[in-house]
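Undergrad: Next come the chains, spelled out residue by residue.
There are 2 protein chains.
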Amino acid sequence: MPHSTDPTQQSQIEQLLQFLSFPSISADRAYADHLIECAEWLLQKFDSLGLAATLHKTAGHPIIVARTPPRPDLRTVLIYGHYDVQPVDPLALWDSAPFDPHIVDEVVFARGATDNKGQILAHILGVEEALKKGPLPVNLIFLIEGEEEIGSPHLGAFLEENKAELATDVVAISDTGMIAPGVPTFTYGLRGVAALEIELTGPAVDLHSGIYGGTVANPATALARLLATLHQPDGTVAIEGFYDDVDPLQDWERTAWAALPLKPEDFVSLTGVTELFGEPGYTALERVWARPTAEVNGIGGGYQGEGSKTVIPSRAFAKLTFRLVPRQSPEKILALAQAHLEKNLPPGVTLAVHPGHSGSSYVVDPHSADGLAAQRALENTFGATVALVREGGSIPIVQNFKDILGADTLLLGLALPDCRAHSPNENFPLANFFAGIRLNQELLRQLAGTT
Amino acid sequence: MPHSTDPTQQSQIEQLLQFLSFPSISADRAYADHLIECAEWLLQKFDSLGLAATLHKTAGHPIIVARTPPRPDLRTVLIYGHYDVQPVDPLALWDSAPFDPHIVDEVVFARGATDNKGQILAHILGVEEALKKGPLPVNLIFLIEGEEEIGSPHLGAFLEENKAELATDVVAISDTGMIAPGVPTFTYGLRGVAALEIELTGPAVDLHSGIYGGTVANPATALARLLATLHQPDGTVAIEGFYDDVDPLQDWERTAWAALPLKPEDFVSLTGVTELFGEPGYTALERVWARPTAEVNGIGGGYQGEGSKTVIPSRAFAKLTFRLVPRQSPEKILALAQAHLEKNLPPGVTLAVHPGHSGSSYVVDPHSADGLAAQRALENTFGATVALVREGGSIPIVQNFKDILGADTLLLGLALPDCRAHSPNENFPLANFFAGIRLNQELLRQLAGTT
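Chains as they are written, first to last, in numbering that gives the first Met the number 0: chain A, 0 to 450; chain B, 0 to 450.
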């Protein structure tokens with residue numbers, strides 16, 4: 000173990016490698032026993048720290064809850080994480096076996112290294128270190144599930160059923176990213192999402208385009224015409240009322256984001272596009288973090304094979320999602336979208352609209368007492384100014400914590416942009432792992448003092 | 000054999016059932032030996048008539064050529080047909096085995112009954128009847144191939160190689176339809192076709208629509224915007240210059256077609272649409288037979304499965320075909336389309352255009368000497384006024400005959416609208432079969448006199 004001469008750090012690394020060696024792939028039921036083994040390993044770890052830990056069976060994979068003895072005079076912090084991991088395909092692209100974790104140049108490579116085993120274990124080991132010095136300054140609850148990578152299908156019901164036991168003042172999660180190496184990052188906003196699928200139907204079956212072309216509307220053409228009405232040519236969403244409830248960007252946000260080490264050209268190189276495109280009047284970062292969108296996620300209809308087949312398709316479909324920002328309601332946006340689609344439907348086809356999943360956007364005030372505490376913890380841990388960011392994606396469990404437990408969530412991510420979560424050669428720098436161990440102690444200390 | 004008490008007709012029916020019993024499916028190489036058997040059966044039939052018949056091997060299925068001894072004082076007529084048939088799937092939808100032909104209510108049911116064995120055999124048996132009475136009034140060449148249902152891949156080269164031997168004044172084909180039972184139908188025009196596939200590319204890989212939505216152009220959205228520029232809202236093609244070379248409909252055509260027993264409501268019931276749609280100022284029939292179109296035959300990009308996946312697709316494609324009418328050049332239309340697509344390309348994506356197959360439209364003057372001869376033959380055979388029609392589809396071999404042999408083609412179809420060519424329960428009424436035998440003799444007689 001050449002990575003540290005400190006025996007405590009050596010032991011922490013060994014525990015990380017053990018935790019990473021469980022192939023806890025939640026998406027594949029064939030791995031179910033490995034998830035149970037992994038959950039039991041956590042249970043044992045919490046037992047060894049003297050926390051009251053329980054393994055809760057669900058219809059899927061178990062949930063672990065561990066807690067310090069409650070003291071009514073202390074604030075309560077719930078730290079959420081997950082021990083399940085993404086599948087490993089394509090295996091051929093890994094430089095080493097995904098569940099045989101090993102360390103190269105102070106970076107550990109394994110499936111789950113960054114998402115989320117490395118980050119949640121740092122919190123557990125932070126508590127272990129703190130407990131050696133004395134009792135924690137807060138009541139602490141660990142909630143660690145095994146189904147995050149498959150959409151947390153049983154977590155909402157579990158929160159409802161155990162609402163009293165899980166009551167907390169605030170939630171902390173380390174499952175997001177740092178904007179750049181060495182830049183501590185506090186994520187204070189997430190976009191919401193609303194999905195719908197549309198289907199246009201014309202003729203009863205695919206028709207010969209020679210025999211019938213010219214007499215009937217073509218559903219693929221009609222779909223194109225309909226989707227083309229969703230945006231203005233400049234990329235602005237053209238649905239009436241779409242922007243009505245959008246919270247404008249604050250001046251301090253625009254100033255802070257402009258100073259971040261994430262430039263428009265970075266989006267070009269990250270995505271491989273020839274040029275950026277989007278709503279005028281906003282930077283690329285502002286568009287992703289604070290502006291709503293309408294995206295076509297999939298489109299299809301008619302002949303899909305090689306060469307050509309001269310048909311008029313019977314039907315064509317599109318899968319749409321809207322990314323939403325604070326104060327936009329998913330239900331209202333879906334209703335506005337449906338009205339827009341019905342109003343702009345070309346003649347000769349019929350429209351079916353199927354609403355899909357949706358989730359609200361989320362924002363926590365970074366200048367609230369807990370927001371500031373989280374930022375102090377990050378700054379003390381990394382010795383650098385904290386980046387205040389939002390993310391363009393959605394984390395539905397954050398809304399669950401708000402709705403069911405009534406608690407805000409602090410997102411203190413430790414993943415670097417090249418940690419390859421969900422991809423081959425997932426990795427986590429040991430420096431970030433040890434930073435996470437320190438961050439946990441700083442965070443609990445800072446949150447203890449806020450009321 | 001209760002269908003006829005006439006021994007000649009009994010024998011003709013028996014020969015039809017024999018011809019139909021060969022499973023001569025050209026698309027499936029497993030049936031190759033059956034195609035050879037079927038071709039040899041034809042060879043034997045022509046031998047028995049005293050015609051000089053040869054079986055020509057190709058890289059695919061054989062071509063049969065049979066001819067009367069050439070006399071320089073007679074005109075030459077080439078009758079084209081094919082002995083190959085479409086596959087039979089879905090077999091479960093057939094009421095009886097497709098290669099066990101049988102007769103119900105004076106209609107023969109079998110794969111190939113109408114397309115094209117019933118029709119080409121009628122011509123052969125017509126010649127047999129005529130030869131009993133004396134020499135034919137024309138030099139006759141039968142050209143019968145085994146690859147029509149797979150696009151005649153070897154016929155063009157065969158025509159080139161045997162141009163001198165196949166020299167003819169006119170070509171006749173019975174492989175099109177009658178507009179209604181009892182209505183003799185002369186098809187004097189076909190639409191051409193020009194195909195192209197377009198592909199729009201944005202990001203290098205599918206992107207997370209939360210993390211990147213708003214910064215980059217979405218190729219599926221861009222494709223919709225681009226395809227939406229192909230037409231005016233009323234269905235007119237919006238490509239500049241698209242209609243420049245279109246021959247206008249003649250007054251006599253509009254009058255004649257308006258009188259045909261094929262009404263707009265028939266297109267509604269045939270296609271299952273809620274309403275017809277197309278270029279204003281023309282009837283449904285006029286739009287299909289005499290107006291060019293731009294159709295999206297297939298469209299695709301991004302997520303195609305159940306539910307939703309929040310991606311910005313890396314690419315999206317569309318397969319387009321243009322149906323063309325006389326004097327439109329496929330090459331020119333493809334060039335105009337490409338220029339239109341490049342000009343209207345939305346920002347942030349790159350366009351690739353892949354031209355596909357193309358074929359010219361075809362028209363023969365129905366008031367030419369041969370056109371009038373064909374109509375007299377039809378009228379004398381059926382004892383009814385001939386319908387003058389065009390078809391919306393394309394028959395590329397007709398253009399081959401024009402380009403390589405320099406001969407016009409007369410299309411004298413015997414199929415009824417419910418003969419189910421290419422579909423389960425394909426059938427051909429014996430009345431049409433016997434009419435075809437008479438038609439052949441009328442046709443050769445009428446064509447003999449025209450110069």
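There may be inaccurate statements among the hints.
A pair counts as met if it fits within one copy or between any two copies, since identical chains are not told apart.
To be verified - Using 20 Å as the maximum straight-line C-alpha spacing, the simulated EDC-like pairs for lysine to aspartate or glutamate come out as follows:
id: 1; residue 1: Lys308; residue 2: Glu278
id: 2; residue 1: Lys132; residue 2: Asp243
id: 3; residue 1: Lys342; residue 2: Asp88
id: 4; residue 1: Lys56; residue 2: Asp205
id: 5; residue 1: Lys308; residue 2: Glu148
id: 6; residue 1: Lys56; residue 2: Glu159
id: 7; residue 1: Lys342; residue 2: Asp94
id: 8; residue 1: Lys262; residue 2: Asp246
id: 9; residue 1: Lys308; residue 2: Asp27
id: 10; residue 1: Lys131; residue 2: Asp104
id: 11; residue 1: Lys342; residue 2: Glu198
id: 12; residue 1: Lys262; residue 2: Glu252
id: 13; residue 1: Lys401; residue 2: Asp243
id: 14; residue 1: Lys56; residue 2: Asp417
id: 15; residue 1: Lys308; residue 2: Asp88
These are computed hints drawn from the structure, not numbers from a lab.
Undergrad: With reference to the structure, classify each hint as holding or not holding.
TA: Checked hints:
1. Lys308 x Glu278: Intra 38 Å, inter 23 Å, cutoff 20 Å: neither.
2. Lys132 x Asp243: Cα proximity of Lys132 and Asp243: none, with 53 Å in one copy and 88 Å across.
3. Lys342 x Asp88: Neither. Shortest intra-copy (44 Å) and inter-copy (41 Å) distances fail the 20 Å Cα cut-off.
4. Lys56 x Asp205: neither (49 Å within a copy, 36 Å between copies)
5. Lys308 x Glu148: between (40 Å within a copy, 14 Å between copies)
6. Lys56 x Glu159: So Lys56 and Glu159 pass the 20 Å test inside one copy only (15 Å; across, 77 Å).
7. Lys342 x Asp94: neither (53 Å within a copy, 45 Å between copies)
8. Lys262 x Asp246: Neither way: Lys262 and Asp246 sit 24 Å apart in one copy and 57 Å across, limit 20 Å.
9. Lys308 x Asp27: between (38 Å within a copy, 18 Å between copies)
10. Lys131 x Asp104: neither (30 Å within a copy, 96 Å between copies)
11. Lys342 x Glu198: Intra 15 Å, inter 29 Å, cutoff 20 Å: intra-copy only.
12. Lys262 x Glu252: within (15 Å within a copy, 65 Å between copies)
13. Lys401 x Asp243: neither (24 Å within a copy, 64 Å between copies)
14. Lys56 x Asp417: Answer is neither; intra-copy 35 Å and inter-copy 62 Å both fail.
15. Lys308 x Asp88: Answer is between: at 18 Å across copies they meet the 20 Å cutoff, but 34 Å inside does not.
Checked against the numbered hints listed earlier, the structure breaks hints 1, 2, 3, 4, 7, 8, 10, 13, 14; every other hint is satisfied.
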